[in-house]
Amino acid sequence: ELKVEQNPLFLSMQEGKNYTIYCNYSTTSDRLYWYRQDPGKSLESLFVLLSNGAVKQEGRLMASLDTKARLSTLHITAAVHDLSATYFCAVVPNYGGSQGNLIFGKGTKLSVKP
Amino acid sequence: DTGVSQNPRHKITKRGQNVTFRCDPISEHNRLYWYRQTLGQGPEFLTYFQNEAQLEKSRLLSDRFSAERPKGSFSTLEIQRTEQGDSAMYLCASSPMDNWQYFGPGTRLTVT
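Taken in order, these protein sequences are the chains called A and B.
If you count the first sequence from 1, position 10 lands on 19 in my numbering, and the numbers rise without skipping.
If you count the second sequence from 1, position 49 lands on 71 in my numbering, and the numbers rise without skipping.
Careful, some of the hints might be misleading.
[To be verified] Just some of the chain B residues that point at chain A, by a computed CB distance under 7 Å:
id, residue
1, Gln63
2, Gly64
3, Pro65
4, Phe67
5, Tyr70
6, Trp122
7, Phe125
8, Pro127
9, Gly128
[To be verified] In silico DSSO-like cross-links for lysine-lysine, where the CA-CA straight-line distance does not exceed 27 Å:
id, chain 1, residue 1, chain 2, residue 2
10, B, Lys79, B, Lys93
11, A, Lys115, B, Lys79
12, A, Lys118, A, Lys50
13, A, Lys65, A, Lys122
14, A, Lys77, A, Lys12
15, A, Lys50, B, Lys79
16, B, Lys79, A, Lys12
17, B, Lys36, A, Lys50
18, A, Lys115, A, Lys50
19, A, Lys122, A, Lys50
20, B, Lys33, A, Lys50
21, A, Lys115, A, Lys77
22, A, Lys115, B, Lys33
[To be verified] So the derived list for chain B, only partly shown, Cβ under 10 Å to chain A, looks like this:
id, residue
23, Gln28
24, Glu66
25, Met119
26, Gln123
27, Gly126
Hint data in this document are derived by calculation from the structure and do not stem from the laboratory.
Where a beta carbon is used, it is the ideal one built from N, C-alpha and C, also for glycine.
Please model the entire structure based on the sequences and the hints provided.
Right under this line is the structure:
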């Protein structure tokens with residue numbers, strides 16, 4: 010069974026600082042996604058990573074994927090308050106019969122304080 | 023607005039009652055997924071449709087749960103004889119083939 014683990018689960022940052030969220034998964038996967046969720050809201054798509062070494066950047070967020078280590082990172086540069094949210098990574102299991110359903114981690118709740 | 027829509031947005035029901043949720047996917051997306059999210063957790067997969075065919079169901083989907091997508095467009099998720107443990111956010115997502123899953127706003131169910 011595919012498991013997705015994120016750490017840390019809670020992250021309190023000061024504005025202007027850098028930090029990294031880690032996402033480990035237990036079996037092979039073709040695709041890894043990062044989503045953002047604000048309290049009481051649905052999920053907003055951030056990045057999809059499709060191959061080993063893939064790197065995507067949008068504003069202060071940068072995601073990377075190492076399929077050999079089964080590890081993705083979401084790096085936050087010079088955090089601002091608007092980045093406060095819960096961030097989820099999700100993978101699509103790479104086994105026969107998988108229909109593309111996403112397996113999510115528990116999420117990292119990020120709080121950026123002035 | 024051409025995104026995924028879900029109705030109702032909130033539902034409060036008494037234990038033992040039946041509830042039905044609706045999801046309207048983005049038009050021309052042939053894949054439709056249902057997920058359940060409880061407080062402090064990531065979404066968990068429930069079931070998947072490709073067009074009108076239900077192709078996968080999670081073991082989380084007990085016999086009290088049923089989902090349909092009769093014409094390959096909108097989908098409904100029904101929960102019979104609701105239990106307090108069914109309280110959660112129910113999320114629908116749609117997708118073109120093998121691409122992003124676009125999530126709707128969710129239906130928050132509270133069973134009292």
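Are Lys77 of chain A and Lys12 of chain A close enough, with their CA atoms no more than 27 Å apart?
holds (16 Å)
Taking 7 Å as the limit, does the beta-carbon of Gly64 of chain B come near enough to a beta-carbon in chain A?
holds (3 Å)
Evaluation of the interface hint that places Trp122 of chain B against chain A, nearest CB under 7 Å:
It holds, given that the least Cβ distance between Trp122 of chain B and chain A is near 5 Å, below 7 Å.
Taken at face value, is the distance from the CA of Lys77 of chain A to the CA of Lys115 of chain A at most 27 Å?
holds (22 Å)
Residue hint Phe67 of chain B, partner chain A, criterion CB-CB below 7 Å
holds (4 Å)
Using the nearest Cβ pair, does Glu66 of chain B come within less than 10 Å of chain A?
Holds, about 7 Å.
Measure nothing beyond the straight line between the CA atoms of Lys115 of chain A and Lys79 of chain B; if it is 27 Å or shorter, mark the hint as holding.
holds (21 Å)
If you draw a straight line from the CA of Lys118 of chain A to the CA of Lys50 of chain A, is it 27 Å or shorter?
Satisfied, since the Cα-Cα distance of roughly 14 Å is no more than 27 Å.
Would the hint on Gly126 of chain B stand, with a C-beta cut-off of 10 Å toward chain A?
holds (6 Å)
Regarding the pair Lys115 of chain A and Lys33 of chain B, is the alpha-carbon distance no greater than 27 Å?
Judged against 27 Å, a Cα distance of about 25 Å means the pair holds.
Check whether the Cα positions of Lys36 of chain B and Lys50 of chain A lie no farther apart than 27 Å.
holds (24 Å)
Satisfaction of hint between Lys50 of chain A and Lys33 of chain B, Cα-Cα up to 27 Å
Satisfied, since the Cα-Cα distance of roughly 16 Å is no more than 27 Å.
Going down the numbered hints, you'll see the structure goes against none, and every one checks out.
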